[in-house]
Each structure stands twice: as C-alpha cells, then as structure tokens.
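Note that full-length UniProt numbering has the sequence shown beginning at 1, numbered continuously upward.
Just so you know, the hints here were simulated from the structure itself, not pulled from any lab data. Please note that the accuracy of each hint is not assured.
Derived CB-CB ranges, DEER-like [said to hold, decoys possible]:
1. 152 <-> 236: 27 to 33 Å
2. 236 <-> 174: 48 to 54 Å
3. 20 <-> 186: 34 to 40 Å
4. 174 <-> 116: 40 to 46 Å
Within a straight-line C-alpha distance of at most 27 Å, the following computed BS3-like cross-link-like pairs (lysine-lysine) qualify [as the list claims (entries may be wrong)]:
5. 186 <-> 130
6. 130 <-> 66
7. 247 <-> 211
8. 151 <-> 59
9. 186 <-> 151
10. 59 <-> 12
11. 130 <-> 211
12. 247 <-> 151
Ideal placement from N, C-alpha and C gives every residue a C-beta, glycine not left out.
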Amino acid sequence: MVRTQLSVNLNKVALIRNSREGNWPDPVFFGRIALEAGAAGLTVHPRPDERHIRVSDLKPLSDLVKEYPGREFNIEGNPFENLMPILRDIRPHQATFVPDAVGQKTSDHGFDFSDPEVRARLVPVIEEAKSYGCRVSLFMDPEPEYTRFAKEVGADRIELYTEAYADAWNTPIADAIVTPYADCAKLADEVGLGVNAGHDLSLENLEPLLKACGNVLEVSIGHAFTAEALQFGFAETVRRYNELLDKIAAE
1 MVRTQLSVNL
11 NKVALIRNSR
21 EGNWPDPVFF
31 GRIALEAGAA
41 GLTVHPRPDE
51 RHIRVSDLKP
61 LSDLVKEYPG
71 REFNIEGNPF
81 ENLMPILRDI
91 RPHQATFVPD
101 AVGQKTSDHG
111 FDFSDPEVRA
121 RLVPVIEEAK
131 SYGCRVSLFM
141 DPEPEYTRFA
151 KEVGADRIEL
161 YTEAYADAWN
171 TPIADAIVTP
181 YADCAKLADE
191 VGLGVNAGHD
201 LSLENLEPLL
211 KACGNVLEVS
221 IGHAFTAEAL
231 QFGFAETVRR
241 YNELLDKIAA
251 E
C-alpha cells in the first residue's frame, strides 16, 4: 500500500473570490496555508472563461510552490483549448489533461481512448508537455482496457475519474462500482503507469477507494475539501486528510 499524497485544488477558493470584486479570498494565501499544513501540492484548473482560477493566478501560485521543496504544482486543462501555452509559460511539475468542453460546468468524463483519432491527437501534445519538464497525467474513466492506451500515447500517469465511485459510496452497489477502479490501478502497475484519482472525493469516502486500489499516488481534492474547510478550517482539513492517508498506508 503506497502512501497517497494530497494535492489541494484551489478552484473553489478562486470561485468565491470571483463572486466579488477584488482578490479575497486570495488563492495564494490559502495555498500557503495548505502547504504549511502539510499538503503535498496544489492543483488548479484554469478554464478559458476564468470563472475561478485566472491565468494571472498561475505564476504567483507556481512561485509559492517553489518555496516548499518537494511539493508540486499540478495544472489541469484541455490540451486542445487553452492549456498548452500555460504549460509553456508556467512549467508545472504535473500537467493533467482533461477533455472538457469550453464552458463545461465541471469535468464529467475522461478521454475516449477507444477512438484512434483521440489517441493520435494526444501523442504530440504529451510530447510537447514533456518538453516543458511536465509529468503528464491523463483523466480517465474507470475502463481497464483504456489503461494500455494511456501508456501507448506516452502518459506518465492516469487520473481515475471518481464521480461514479463517489455517487455509489455507502450504497449497496459500492463494492461493484469500486472493482473497475481497482482493475485499472492493477493494470497501470503492470504497464508502468502511475495512478492519481480525483472528483468528488472526501474525508468520508476516500478510504475504501484507496484500499481497493492500493497504489494511488495522488488525490486532488477541491470541492469537498473547501466544504470541509468551512467546517474544520483550512489547515485542520489538510491535517485530517494527512492523518487519514497515514492511517491507510499503515494498514
């Protein structure tokens, strides 16, 4: 069982900021709190409409992460929309490719790796991202057969899209729903891909998924994290996640 790392997604902090004029709450301020409290990294998804994270946030956040050796900055986005110029300019540790449409409310699917055209289009942008020094992770539905395709196009990691798992958690179908995630994680190990996971994960539902998979290197959590931080405080929420992740790794 690996010790999974927590990357705090700051999109919802930025969304609250953007509901008013000014720069409060400041994502950099809260990013520092997360890192000081022990988060392994920060994640953002700068969408073309800048409804939460803005391009102008990215360099200050990148500079912030550089103050904390060993921590990582992860930028998510669509490589066929606005992401590649951002990667060229910011050069984060990790680039997570997500096939979102412009204006999409939230990520709701991974790449369709069964489509040869999709795979062919991914190869050059993955190579480009790697030329900027980025590790590349591909957002993927829990379809085990897709794992080999992700490896073939040159990805370093996959990020398992976990909404289906989160929706089924604590219901009679939970065990059945988690099985394809575990199968993807096992196959990723076999082909040499790292495994990340994200979407609607929380303090409540995280443990069964990580135990079933066994090799999730990183979870990026934002929506639930922000809601939990309203209850517990930002730093305390990081501490609670790290305590949980330590417990899971030790079992």
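Right, here's what the structure says about each hint:
{"no.": "1", "hint": "152 <-> 236: 27 to 33 Å", "result": "43 Å, violated"}
{"no.": "2", "hint": "236 <-> 174: 48 to 54 Å", "result": "28 Å, violated"}
{"no.": "3", "hint": "20 <-> 186: 34 to 40 Å", "result": "47 Å, violated"}
{"no.": "4", "hint": "174 <-> 116: 40 to 46 Å", "result": "34 Å, violated"}
{"no.": "5", "hint": "186 <-> 130", "result": "25 Å, holds"}
{"no.": "6", "hint": "130 <-> 66", "result": "19 Å, holds"}
{"no.": "7", "hint": "247 <-> 211", "result": "11 Å, holds"}
{"no.": "8", "hint": "151 <-> 59", "result": "30 Å, violated"}
{"no.": "9", "hint": "186 <-> 151", "result": "14 Å, holds"}
{"no.": "10", "hint": "59 <-> 12", "result": "18 Å, holds"}
{"no.": "11", "hint": "130 <-> 211", "result": "31 Å, violated"}
{"no.": "12", "hint": "247 <-> 151", "result": "31 Å, violated"}
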